[in-house]
Amino acid sequence: MQFFGGSEISPAPSAPTGSGNNAHMMYIFNRNGVCLLYREWNRPLRTLNAQQDHKLMFGLLFSLKSFTAKMDPTSVEKGNLGVPQLPGQGCSFHSFRTNTYKLSFMESPSGIKIILVTHPKTGDLQEPLKYVYNLYVEYVVKNPLYVPGTPIRCDLFNTALDQYARSLA
Amino acid sequence: MAPVAPRSGDAVFANIERVNAELFTLTYGAIVRQLLTDLEEVEEVNKQLDQMGYNIGIRLIDEFLAKSNISRCVDFKETAEVIAKVGFKMFLGVSASVTNWEADGTCCSLVLEDNPLVDFVELPDTCQGLYYCNILSGVIRGALEMVSMKTEVTWVRDMLRGDDAYELRVKLLKQVPEEYPYKDDE
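In the order they appear, the protein sequences are chains V and S.
So that you can map any letter, position 8 of the first sequence is 8 in our numbering, and since no number is skipped, the others follow by simple counting.
Take any residue in the second sequence, note its place counting from 1, add 1000, and you have its number in our numbering.
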């Protein structure tokens, strides 16, 4: 297939559709809170500068994750709120929905966090987010010119992502 | 939706694109040979191979996680099993066995009966100190570091040095918790 793509990615999971407009924006963070990628498709209102915006988003996820783990009714052992968790500990949320948007979240054990903000009526996006993770592996991780931990500058990846985001309509 | 079950090493290996084994072996041999010429010191070559492996490992982990559907390992024991049965299978086409656990569960051995890197290889007398497969230990160290485990990986047995198998000793030094990366005043 493409220049960097070694092995085929299994066919893109068909995205659950909501009515009306689709993907607003996407963030990819690494484990150190570096925003590797920010793509925006439909975001009329912007009040913060990009850096603040990324930090706020990362902070939101980080806090939400520790809250969800703290409230987990199934596990006996939980640390104090705000105390760093070891990998494998605790649980993680998949999405939340407000009246105006839905935020879907996926985190790999290696700490790559993929966030997709969509129309509130969008269905479950765990599979599509996994697919994006696979795209990231094929286009970014396997790209010899990419230095791990730096923002992604890879047109092929952006194109593939834009295409896929459109199909989420 | 039911979570997707982790895929076995065999299943992933069957679906992944592969290169010819001889090409792989000979390319690796050529790299080691070139390093020996460039760096002259066997110790330096060991270090360089380990560093190369580390650089591979920190990228490889994402491919591994994406393709194997493995989510989180409960403890280091499970991690070791996954490396031996899924990781090695997926990328090298062989699987290892996990043995010699220390009582506290932080140190174990991965034993490889079969190692595709060493076909056609003989160590000459001048290279007796060389850990020919040192790249593997680097890969494991790098990959585990990306999932928050600091490890130390050393060779215990090496068939090229006359032992009966390849044995990697993996020692878990510490698990690094995920911390909030920004300072408050930033």
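It is worth saying that the hints were derived from the structure and are not from the lab.
Be a bit skeptical, because a hint or two may be false.
Unchecked claim - Below, computed lysine to any residue pairings styled on SDA-like, alpha-carbon distance capped at 25 Å:
| hint | chain 1 | residue 1 | chain 2 | residue 2 |
| --- | --- | --- | --- | --- |
| 1 | S | Lys1150 | V | Asn42 |
| 2 | V | Lys142 | S | Thr1025 |
| 3 | V | Lys121 | V | Asn42 |
| 4 | S | Lys1085 | S | Arg1033 |
| 5 | S | Lys1150 | S | Ala1011 |
| 6 | S | Lys1174 | V | Ser110 |
| 7 | S | Lys1085 | S | Ala1103 |
| 8 | S | Lys1174 | V | Ser92 |
| 9 | S | Lys1077 | V | Leu60 |
| 10 | V | Lys65 | S | Cys1073 |
Results for each hint:
no., hint, verdict
1, S/Lys1150 with V/Asn42, "violated (41 Å)"
2, V/Lys142 with S/Thr1025, "holds (21 Å)"
3, V/Lys121 with V/Asn42, "holds (16 Å)"
4, S/Lys1085 with S/Arg1033, "violated (30 Å)"
5, S/Lys1150 with S/Ala1011, "violated (29 Å)"
6, S/Lys1174 with V/Ser110, "holds (16 Å)"
7, S/Lys1085 with S/Ala1103, "holds (22 Å)"
8, S/Lys1174 with V/Ser92, "holds (23 Å)"
9, S/Lys1077 with V/Leu60, "violated (33 Å)"
10, V/Lys65 with S/Cys1073, "holds (18 Å)"
Consistency note: the structure conflicts with the earlier hints numbered 1, 4, 5 and 9.
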